[in-house]
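Asks: As given, the protein sequences belong to chains A and B, one line each in that order.
Take the position in the first sequence, starting the count at 1, then add 155; the result is the number in the numbering used here.
Take the position in the second sequence, starting the count at 1, then add 155; the result is the number in the numbering used here.
It is possible that part of the hints are untrue.
Identical chains share a label here; the pair holds if one copy fits it or two copies do between them.
Under the rule of at most 20 Å between Cα atoms (straight-line distance), these lysine to any residue pairs were calculated in the SDA-like manner [stated by the list, open to error]: (1) K181 with A486; (2) K641 with A540; (3) K566 with G375; (4) K387 with G519; (5) K214 with F262; (6) K384 with A408; (7) K219 with K387; (8) K662 with E583.
Please keep in mind that the hints were generated in silico from the structure rather than gathered at the bench.
2 protein chains.
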Amino acid sequence: MITGKNYIGNKLSANGSVTHHTINPKLNIETSTPFFEATEAEVDEAVTLGWEAFKTYRKIPGFKRAAFLNAIADEILALDKELIEAYTTESGLPEGRAIGERGRTVFQLRSFADLVSKEDWRENVIDEAIPDRQPLPKEDLRKTLIPLGPVVVFAASNFPLAFSTAGGDTVSALAAGCPVIVKAHAMHSGTAELVASAIIKAAEKTGMPNGVFSNIMGRGRTVGTALVKHPKVKAVGFTGSISGGRALFDLAAQREEPIPVFAEMGSINPVIITSKALDKRYADIADTYASSITLGTGQFCTNPGLILTVEGDNTQAFVQDLAEKTIAIEAQCMLHPNIKQGFVENGQSVTSQKGVEIVGVVEGDLEPNYAASLIATISGADFLANPKTGQEVFGPFSLVVKCKNEEELLKVINNLEGQLTGTIIAEEEEYANLHDLVDALENRVGRIIFNGVPTGVEVCPSMQHGGPYPASTDSRFTAVGANAIKRWVRPVSYQSFPNELLPDALKN
Amino acid sequence: MITGKNYIGNKLSANGSVTHHTINPKLNIETSTPFFEATEAEVDEAVTLGWEAFKTYRKIPGFKRAAFLNAIADEILALDKELIEAYTTESGLPEGRAIGERGRTVFQLRSFADLVSKEDWRENVIDEAIPDRQPLPKEDLRKTLIPLGPVVVFAASNFPLAFSTAGGDTVSALAAGCPVIVKAHAMHSGTAELVASAIIKAAEKTGMPNGVFSNIMGRGRTVGTALVKHPKVKAVGFTGSISGGRALFDLAAQREEPIPVFAEMGSINPVIITSKALDKRYADIADTYASSITLGTGQFCTNPGLILTVEGDNTQAFVQDLAEKTIAIEAQCMLHPNIKQGFVENGQSVTSQKGVEIVGVVEGDLEPNYAASLIATISGADFLANPKTGQEVFGPFSLVVKCKNEEELLKVINNLEGQLTGTIIAEEEEYANLHDLVDALENRVGRIIFNGVPTGVEVCPSMQHGGPYPASTDSRFTAVGANAIKRWVRPVSYQSFPNELLPDALKN
């Protein structure tokens, strides 16, 4: 059923001659289907169809868009084993994870369907006229949110379902009334095509206009660049590396008409552990964090890549214990060879810096795309002196910084780049003294976790997934939760309008 | 009382040697005070003070920030005649306008004071824990909005009070908890210094940290560039020309850490008048629009610079009547010689294009900075063929486009760049046929007005002042109304937090 073709609107299309294969990282072999990179003309056709579809799709009532989203969820579930097999084959992730992530994807679809089945997500405001106001009468003025136009979504490699073809960016944009053109991740093109086929089926069954969704294949940057530069594209969503996200942000900012790019990029997610917490329960903390660091082979944007401590009696014991427990967890496969290569290179880059000591690393021969988990340590002074020690190592890696005192710890936090999350592990008797720490973290992160782990991102209204640059390109928005829809809409005011011409949400 | 110096925090400072004078445009002479351009060191000092002030100011409770804003309003009123005199001298605008605009400025200050005296503007969300949820427990998660950091505000020349030193950008940023560094408009530096002195007095009286506000002088782009590139600046507000706003947007996007720029820029504010409306009441419409076009010498961002009609029996009579009534209104002074020069040059550029006919223009000798109001006309086909006919002519100018039919009219609208406003003048019996027109306008503008004029921007929650590029650089936000505060804040989530460490707004 996987054809290797693009979906240009409802039509399968493969007019180009450039192809690529996906890789089964566990077997370290290419899969058999050639995937056809979209040509310039196919890219233009997809966006133009999206633009035409926008004219009607933006006006389709919320409950019908909700039916479309629910139908996508149904069609994804109907793909059943074929989808799970493509997912596990192309990602190297286990079946349990595939099923869990499919559940999250379906939940996101149904959550946004619920959200837009009523109109109150649009922040509707009605200010009625005051004809006898002095010195001037006040006109009737009403405001709602309307969709921006066609949105391009770049799929994430590390969530082949939940942040990919029918993932959070796509579903929030479709919910808002924006057609979506997905640039499939080249390393899970088969999974992408299957999910795209589910979206197209759902669109046809629920009577959505042709062009409301397209799925574009391609390796390298040609196709993505053409999409972001296309004048009919009005916004971009991206999840991935800092270099990739920044390149798209720059392209979008340099357009004649700049467009918003919401890129969710790198983060090392600092975890601050007080020495009291280590004194009381370092072994428990080491247990919890060994699991968190290696979860999904460390391939989460919220992976705890940096642990900050103030050196005390049990710091060294904790570091040892964490390292032992981390490397005791069976080595797992990474998403694809490029991710493995990046993990090795960036890990070596950090561990070769002055003052960095490897405390534990998985030794011996591993299968080609399996990751050797690694725990290293460094002093606060060395960490502060050298920005290279703070670079992201995407994978099962964490660097423990041993600060000499609280002051140095705060300096380290204030010196960090923007992060998705920050975590505090502390004892109850210390809470009253933690205000400065919370303050410092607030300025650097989008979410602060107390006595927990940063991995695990709840889909709910109070979730903030995004943070100061480079965690994301616009910290004012979130990529997860109901408010993710706000990235793709803008307010319009209607002054002194006849009731019949107002959008339904604003009528008397 | 006007010293010509910068306010670097609470301190008057003039370490530089570059000076400029403001101009009395009515007399066409320079005013006497030399204003000192801030040096690079003064710029850095102002931003660094702002950064230091941010650490405490962001934590000051809302009711205290409200007291600060109300005190600014009081101090502005206390400047009394001195302020009105500086305003009218430097702007050429009449005293009535000065008093009206001061009223608006005070109203904005008090509105934002009201808004932030309670904490619900922060969109607080509390999702409580569900410990027994299956398959995984749900953690307690709460979200609120926190300020971004120091904000740089570029003052608008056309609103020396309401969109300037203590104008909408400044007050919304201060309300949010962001220190503000204003780059004063060079052509009303004296007015700016007086208002800055009121802000500083208010800050001292209400115990705000030094650096919560600075006022930076300068002509040209040196000082503004240094401000936008400063790493401790976290957002920018701007009101002015497209070229100015775009230059700042580009600078901000090219930073190592890109920052949001909200620039409210050019707009020609299309007004669509149906031929039925012209048949029934063209003389009334001409009256209303002659006033709107010349209001404030046409120097409003919502000035109706483009009138779209479908040619009918009374179109020519309307155009003649509009031209006669517009040029019958006494010529008025423009803000400064550069604005006058731009008005003349851009007007000549438009009227020299193929197919443009001048229907009426104020003739004879005018004082140097006074504007000769001008009404011109063009066919829909010529307008569509030549983008230069759609450029903004800032001042009392309007171009009437005569389309041959509805289809051409819609084509003209779809072809327009983004606009702040669009207006529809129509008869009640036509309403049922106007859905396509409203649809087309929705995609191009931020506010649609029915049977009214675009000039006059109400300060209320339902106001949208901003639109697709180039009306503004981010159509998702507004420069006027309560939501203007959203430009300067970002969400933060708190997961499993002890009650005592939560921000007050999120506590149990």
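Asks: Could you run down the list of hints and mark each one as holding or not?
Replies: These are the hints, each one checked on the structure:
1. Taking the shortest Cα distances, K181 and A486 sit within 20 Å of each other inside one copy (12 Å), while across copies they are farther apart (79 Å).
2. Neither within a single protomer nor between protomers do K641 and A540 lie at most 20 Å apart by alpha-carbon distance, with minima of 39 Å and 36 Å respectively.
3. Taking CA atoms no more than 20 Å apart as the test, K566 paired with G375 passes in neither setting, with 39 Å inside one copy and 38 Å between copies.
4. Taking CA atoms no more than 20 Å apart as the test, K387 paired with G519 passes in neither setting, with 53 Å inside one copy and 47 Å between copies.
5. Taking the shortest Cα distances, K214 and F262 never come within 20 Å of each other, neither inside one copy (25 Å) nor across copies (37 Å).
6. When the C-alpha separation of K384 and A408 is checked against a cutoff of 20 Å, the pair qualifies both within a copy, at 10 Å, and between copies, at 16 Å.
7. In the homo-oligomer, the alpha carbons of K219 and K387 never lie at most 20 Å apart, since the shortest distance is 24 Å inside one protomer and 46 Å across protomers.
8. For the homomeric pair K662 and E583, the shortest alpha-carbon distance between copies (17 Å) is at most 20 Å, but the shortest distance inside one copy (52 Å) is not.
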